[in-house]
Each structure stands twice: as structure tokens, then as C-alpha cells.
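Visitor: In numbering that gives the first Met the number 0, the protein residues as written are 0 to 929.
Calculated from the structure, these hints are not laboratory results.
Check before you lean on any hint, since a few could be wrong.
Claimed, not checked - Cut-off 20 angstroms, straight-line C-alpha distance, at most; resulting in silico cross-link-like pairs (SDA-like, lysine to any residue):
id	residue 1	residue 2
1	K458	F927
2	K566	V913
3	K922	R335
4	K448	N916
5	K851	V913
6	K458	P402
7	K497	Y430
8	K364	R424
9	K497	R742
10	K922	K566
11	K428	D481
Keep in mind it's a predicted model, so treat the numbers as computed, not measured.
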Amino acid sequence: MVTFALTHLLAAAPQERAAPETRASVAVLVFSNISGDSVDDWIGVGLAETVAANLDSVDGLIVVRGRSLEVGTPTASAVGSPPIEVARELDTSWVVSGAYQRLGTQIRLTARVTEVATGKVLRSVTIDGVVEDLFVLQDRLVADLRTAVEPGQGQLVAVAPRAPGGPRSSRPQSAPAQQGTADTAPVNAGIIDGPPPPEAPATITRDAEGRATVRAVRLTEPLRIDGDLDEAVYETVESFSGFLQQLPNEGAPATERTDVWVFFDDTNVYVSARLWDSAPESQWVADDMQRDSMQLINNERFSVGFDTFYDRRNAMVFMLNPIGGFRDEEITDEDRPNGDWNPVWTGRPGRFDGGWTVEMAVPFKSLRYQPGTSQLWGLQLGRRIRWKNETAYLTPIPASAGPGMFRVSAAATLTGLEVPSGNRRFEIKPYAIGSLGTDVNAVPKVSNKAAGDFGVDVKYGVTQNLTADFTYNTDFAQVEVDEQQVNLTRFSLFFPEKREFFLEARGTFDFGQGVRFGGSSSSSSSGRRGGGFLGGGDVPTVFFSRRIGLEGGQTVPILGGGRLTGKVDDFSVGALNIHTDDTLNAGASATNFTVVRIKRDVLRRSRIGGIFTGRSVSTKGTGSNAVYGLDAAFSFYDNVNFNGYYAQSRTPGLSGDDASYQAAFTYNSDRYAVQVDHLLVGDNFNPEVGFLRRDDFRRTFITAQYSPRPSAVDAVRQFTWGGSVDYITNGDGFIETRVAQARFGTEFENSDRFNVDIQENYELLDAPFSVATDVTIPVGGYGFRDHFVSYSLGQQRQLSGTVTFQRGEFFNGRITAIGYRRGRVSVTPQFSFEPGVSINRIELPGGRFTAKLVTSRMTYTLTPRMFFSGLLQYNSSTDSLNTNVRLRWEYQPGSELFVVYNDVRDTEFRGSPVLENRAFVVKFTRLFRF
0 MVTFALTHLL AAAPQERAAP ETRASVAVLV FSNISGDSVD DWIGVGLAET
50 VAANLDSVDG LIVVRGRSLE VGTPTASAVG SPPIEVAREL DTSWVVSGAY
100 QRLGTQIRLT ARVTEVATGK VLRSVTIDGV VEDLFVLQDR LVADLRTAVE
150 PGQGQLVAVA PRAPGGPRSS RPQSAPAQQG TADTAPVNAG IIDGPPPPEA
200 PATITRDAEG RATVRAVRLT EPLRIDGDLD EAVYETVESF SGFLQQLPNE
250 GAPATERTDV WVFFDDTNVY VSARLWDSAP ESQWVADDMQ RDSMQLINNE
300 RFSVGFDTFY DRRNAMVFML NPIGGFRDEE ITDEDRPNGD WNPVWTGRPG
350 RFDGGWTVEM AVPFKSLRYQ PGTSQLWGLQ LGRRIRWKNE TAYLTPIPAS
400 AGPGMFRVSA AATLTGLEVP SGNRRFEIKP YAIGSLGTDV NAVPKVSNKA
450 AGDFGVDVKY GVTQNLTADF TYNTDFAQVE VDEQQVNLTR FSLFFPEKRE
500 FFLEARGTFD FGQGVRFGGS SSSSSSGRRG GGFLGGGDVP TVFFSRRIGL
550 EGGQTVPILG GGRLTGKVDD FSVGALNIHT DDTLNAGASA TNFTVVRIKR
600 DVLRRSRIGG IFTGRSVSTK GTGSNAVYGL DAAFSFYDNV NFNGYYAQSR
650 TPGLSGDDAS YQAAFTYNSD RYAVQVDHLL VGDNFNPEVG FLRRDDFRRT
700 FITAQYSPRP SAVDAVRQFT WGGSVDYITN GDGFIETRVA QARFGTEFEN
750 SDRFNVDIQE NYELLDAPFS VATDVTIPVG GYGFRDHFVS YSLGQQRQLS
800 GTVTFQRGEF FNGRITAIGY RRGRVSVTPQ FSFEPGVSIN RIELPGGRFT
850 AKLVTSRMTY TLTPRMFFSG LLQYNSSTDS LNTNVRLRWE YQPGSELFVV
900 YNDVRDTEFR GSPVLENRAF VVKFTRLFRF
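Make the full structure from the sequences, and use the hints.
Guide: What follows is the structure, encoded as C-alpha cells:
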């Protein structure tokens, strides 16, 4: 068992320098009972005694019992002394320690050998299984240890005790990093950040912290991607398992088994899985099969994340649910997923008697990675068991990390992978489009005007890690229209980018981004960044791609352009150049847009970078506009983050007070969270290729929350108490906005949520504020209080969504509002209905009005790659009724057919809505890969 491997390791360790009379010695400690049930104490005592008795037979080795090996004797950890400290007290060369934890019929065994002089962990292994197979599990533990320490394998350098005053040995590649230490060293892509690679036939190794290294197996012939797992390779190659819960019981073994294989050939990397499930299929939550649907995240699903540069911060994620729905995302800097990235890949689910299966094939041409044939990647695997609201991953993920696939630094290591030599990506994607349009407001009026056009996108792999994109006569007619918003603020609304060309690799161009706080993004309700719920956040967005090709709500033709993105060593690079044509309707001149972004990885999870944005024709000055900026984000331990930026604009006619900067500190654990943030935006700061909600202000923001998980309340998963203060002055130091907020929230075990918020507001208006037609709030200072209550039905339900109620004061009047947000009715896995309602009743001395917004989206999915959707929106503030109907068919991976109908009508006058404009568009694209 464990004894043989430890005997071999310690007996074979070379002596650096020792006096002839010096003998190697080892302390053996009782294995810790993590579960805490004294009934199981015999397991730890038995393991330790077996190890000690066997090591006694090694010639020249002194074995020292660290504790009396009797049932009930405390372990080193139980009495508060780390194993290495106990060994130092006993004056031994090495220490053998271990632990076990039992949950029902499941048990986990761990063992490690630590060199006392240096603190190096020479070897550690983790094995999971059932209690009745305890002896089998012990044999597997020995096999893993023995494989690693076999002479000549080169995976472990066992160092004998150094003589007094002798030099300390350097840390071996297999030694795991100490958990909970500061972020002080970067990960070298040539060194494994985890346990040593497994040797065949094993496909995984683990250390005591749960970190894992996985071996990919080369195939002699491609897999047939059908979800059946019926090829012979599934019998001849060992699978691996051992998933760990993130929620609800952080660190505990997953309650359902998942067996995984990773293969590759000269074309693809494959991931297959057998997902055991104790519930019948009728209880599974799988209600959406549309590609890239957000609802898939709330389904039973299996996720794969590849950190192809092994930088421990960026990843490409692929998801599949039991009915064939699939989704892909880019993760940048362990945050900000880009779900609009659409690579070419294939995945199929299947069934077996005990659950469901997955087969995925991702072409190497769809990925970017470091130069060279032999590769070292990060690998994370995740499983959502939605019917019991459980989330589990291959490696330990803290509950405070939010979505576990984001914590790229905690991923396993994938070894043994070989990519095709000289594999460079080259794609050509031409398009053809035809349209029929009507515009009643145009001069002269346009009625059923036919038009057609064509264009092309080209993608070229300059190297394995750099990709160039070129576009000519770019068209976005197939993009879904914007979802309308109710604006009751005095600032501009923010609408997200939806155009595919600008969405790919968008994380590379993000600047000045902070970190998630309290389980929500930095663009949350406290107004953190452009894109907040009611009109965008206060932090400027230095590069906002919707400034390109759009002007005053009108489309501006894009003649062409190019983009270069990728990673070179520790540098992430992005460069974009786009040229737009002039247009009379939008009042826009021909303009060139340039963006250059560089980021460098520093330390383990930190980065520094710079950005340049340029616009050849300024919208405010007499010449061009440019912005220069530097930013940094430093992450220490698991929960401590510092981030900030400094940016300055250059616009002819606007000089002085043209800078913006921010500094923020965040501590974000599962139970406690604190954030302190200071932001300045100068009066002449002018990012014309960005988004600026307000100018000439100084903002200080402080928030804190306490989120316990009560074990005594079965129905509740987590409570949250929090508060924040948002204080904004103008450039002269006079207060403009103050918001003090107190909040309470409850997350239930069934995923429902209940929230209560109270806000004390103060607003100083230095100009009249027109909140609606013929309703104006005069200049002055206003103090008012708001109350918010909401209840959210879990997204796994057939009927889900958030019901909201607001009641309180609004400037010098009152507001009453009700809403139903993110609503969804899953009629069948193919058909869903998504209603939304917002009704705001405002009563002011200057008038009263009701702002109503009603939306309804219907989606019918014929196959995961073919769906029909309709979006209907009524907005009383703009007196408009908008209809958008789309058919999207990906008839082969990367090639699509779009059929789109848009209709905008005026509802200002009684009677039938009056047509303003209408368009019918057919667009065809074809991808050619070489």
C-alpha cells in the first residue's frame, strides 16, 4: 500500500552531504480525520501504524512515531501543530502525514511526504471512492505514489536531509504551491503548476490540496461524435473522476459520479464523459436546446475549459446539456465571459442506464495556443446537477469565486497533448445579402426598395498564437435589435454590443476593469460601469465598439478594416483599425478608428497594461481625438484585489482637466466582502471611441456585506446583509449625488431569491431635468427615499423570472413601480416564451405620467443550430411598437442563413399603430477553412 511507495521514496533519496554517523529519519503522524466522527478514528490510526511498521524494515532509516498510535489520540492538526512543526520537534528528515474524509458511503484518502528542512512536498496523492472498497482505494493510492517515484521517471527529485549549514535545494516542478499565500510568482508555462504528470495507464494525479494533472491520450483514429461512448478506446483507456463540490458543500465530493476521458489526434482535442445520475430523466432540468442560450447555464450541463496558453487567467469554455443545447465562451482575466464568441466545434449527448453521456470534438484550428508541438494547457471540468442545485468541478473552487469556470488559476493541468506542426488557421467567410425596405420618414419616402450587397471576412493565423482578421464591406443586418429600456435618469442609456466582428476577442480590449463583488459583476446596481440597469455606470468605458458604425442611432457603412489579437509570451496584444464611410442621414463624415491594447501578465494572477484609442474626425473638436491610458489589476491570496487606471484624452479645443483615474480595493470572500473605490473624471475628458455617462465629477464608493450560510435553516442556502455609500461631487467639490443603501437578501435552496433594499438619495440639479414630455424637475437640491422589494423564481423552474416592486419618493414627488424582469416560460425544450413588464407611475408637482415598457420574446428551436425567434417591444416613453423576427440556421459549422423582418410603428395617436419603417432581409454566409 502507501508503505511501499514511501519506503522506496525515502530509501532511494540521495544524500547530499552528511556525516557518516548520520542516519535518515522519518516521522509518521496519525492521518487526520477531517470528517470529525470519532467512530472513524481507527482508519487514520491504522494507516499510520501500517506505514510506520513497514518503514521500520528499511535499513538505515529511523522511524519516529509522532503521536501514540492509539484510537482517540489527537493528530497533529487536532492539537494545533502543523505536521512539519511536529517533525522539527522530533528532529527528523522527513514527515509522512495524511488525511481522510468520509461523507456517507464516500471516502477520500490523501497522503504526502514532506522534506522537513525545506518544506517541500515531495509527493502527494488523493484518491476517492466508497468505504466498502477501502483496501482497493489504498492499493490505488500506492500505485499512484509508486509510479511517480520509480527510478528514471524524472517526475520527482527526492532530496535527503541537508547537513547543518548546507544549501537548501530548489523546489521541484512537482511541488505544489502553498495555498493561501500571496501572489508573488508567475506561472511558467514550461513548469507544471500542480502534481507531476500521471504515467500510463493512469490518466490523473492529485495532490493533497486537490489539484490535478491530467494526461491526454493520442488516438489512432478519430472518434465518432454521437454521444454513444461505444468505441473500444473507452474500455482500454482509464477514465478519471473525483469531482468536488463548489456548492452547496464546498470541498465535499460530488454526490453524482462523473467519469471523463481526454483524447486528441492530428485534428481535434476530444473530451468525453459519462455522467451518472441517481434521478430519472424526468427530473433533470433540460429545457433549452438553442445554441448559445443563456438558459443553458441553468440546465443540467457539462462544461470544459481550456487554458491553451497555460497563463492561469484566460480560457475557452464549451458547454453541453442532455438534449444537445451547447454554448461557448471566452474567459478573460478570470472574469467577463464573452458568450458571443462562436468557434467551430461539435458536441453530442447520449444516454446510458445510469445517466447521460457527452462527446465533444474541438478542432485545433478553432483554438490559439503557444508555439511548438508539445503543449501544456490548463483544464477545468464542471458539472451542474441542476435538479439538486449542485455545482462541482474537477479541482477545488471556493464558493466566493462565483462561476467556477472563471477561476482559471485553479484549473487542473493537461499534459501529453501534441498539436499539428505548422497548424495555421486560414478562413474565408463571404456573405451575400438581399433586402426589401420601407421608410416613411425618409425624404423622399422609400417604399419596398430592393437592395443587395456582398462582403467578406478573412481570418488568418499569423502564428499559432496570433490571429489576424480582415473585413470588407461589413454588414450586421442579421443582428437582433436592442432591447429597450426605461430611462428615469438624467444620463445616457448604455446598450451592449451585439455585432459578431466586435464581439470576438473583446476581452482583450477591455480596459480598467475591476473584479466581481459579492457575487455580481462590477457593473451591478451600484453604478459601477457603463451598462448599469438604469442608464449605465459611472466608470468610463475607454473603448466601446458601438461608437464604430453607429451614429445618432443610425447605421454608418463600414468600408473595411482589420484586427490582430493573440498572446506572445506574457503579453496579450490587440490592435484594431476600421474605416467608415460618410452618410448624410447620420450626419457622419468618413472616419478612421484605431485601437491598440497591450497587457502583460505579472505575478501569478495580476496584470498591467496600456491602451490607445484614436478617431480621425472628432465629434466635439476641430480635428482628431485620442485617448492614452495605463491600467493594472493585482490579485493576492484568493480574495484580495487592487485595481486602477489612469487615462488622458487629447482633443483640439479641449485642453486641461482632460484626465480620468480610478483606484479600488476589494476583499471578496463567500462570507465577507468589502470594496472601497475612488474615481475622478475631468471636465474635458473626452473618450470619443468610448462611453462616458457623466463628466466633471469625483466619486467615492464604499460597500460591505455579510453573507452567512445558515446550517440550522434547511430551506435557506445563504443570507446577505449589506450596505453602501456612493458620494459624488463636481470638479469644484460641491455635492451632486449621494446614495446610502441598506440591503437584505435570501437565497433559498431551491434557487429562489428574496431581496429588500432601502435607499436614501440626494441629488443636486444645476439645470432643469426633463424626465418626460412636458414634465420637468426644476433646479435645486432634493433628498428622497426609495424602497425596493423583489422575488426571483429559480431559473430551473418552468416559470421563472423576477417580480419587483418599488415605492418611495422621486425628487420632489413620488414613484410607484412594478415589474417582471428576465421572465421565462419553458413550454417545451423547443419552445419558450420570455415576457417582461415595467410600469413606473411618477407624480411630480410639474405633472404626472406613467412610463410603460412591455417586451415579449418567443423562441422555437428546431435543432441546436436552427431556431426561430420573435421580439415584440412596446415603449410608451417613445410611443413605439417594435417587431423583430429572425430565423437563424447554421447549416454547417460556421456557415449560416439568416432571414430577418423588422417593423417599427408609431403609437402616439389612437387607433392602429402607424408604420414608420420596415425591412425584410435575407443573408447567406459560407465558411471555407483551409
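Visitor: Each hint should be assessed against the structure and marked as holding or not.
Guide: Outcome of the hint check:
The hinted pair formed by K458 and F927 meets the criterion: a straight-line CA distance of about 10 angstroms does not exceed 20 angstroms. Simply put, K566 and V913 have alpha-carbon atoms about 52 angstroms apart, too far for the 20 angstroms limit, and the pair is violated. Among the hinted pairs, K922 with R335 is inconsistent with the structure: their alpha-carbon atoms are about 30 angstroms apart, more than 20 angstroms. This hinted pair checks out: K448 and N916 have alpha carbons roughly 12 angstroms apart, not beyond 20 angstroms.
A distance of roughly 19 angstroms separates the Cα atoms of K851 and V913; the hinted pair therefore holds under the 20 angstroms criterion. Distance restraint check for K458 and P402: the Cα-Cα separation of roughly 31 angstroms exceeds the 20 angstroms cut-off, and the hinted pair is therefore not satisfied. Of the supplied pair hints, the one linking K497 and Y430 holds, its CA atoms being roughly 18 angstroms apart against a limit of 20 angstroms. Distance check on the hinted pair: K364 and R424 sit about 5 angstroms apart at the alpha-carbon level, within 20 angstroms; holds.
Between K497 and R742 the alpha-carbon distance is near 33 angstroms, which puts this suggested pair outside the 20 angstroms criterion. Under the criterion of a C-alpha separation no larger than 20 angstroms, the hint pairing K922 with K566 is inconsistent with the structure, at around 33 angstroms. Simply put, K428 and D481 have alpha-carbon atoms about 26 angstroms apart, too far for the 20 angstroms limit, and the pair is violated.
Checked against the numbered hints above, the structure breaks hints 2, 3, 6, 9, 10, 11 and satisfies the rest.
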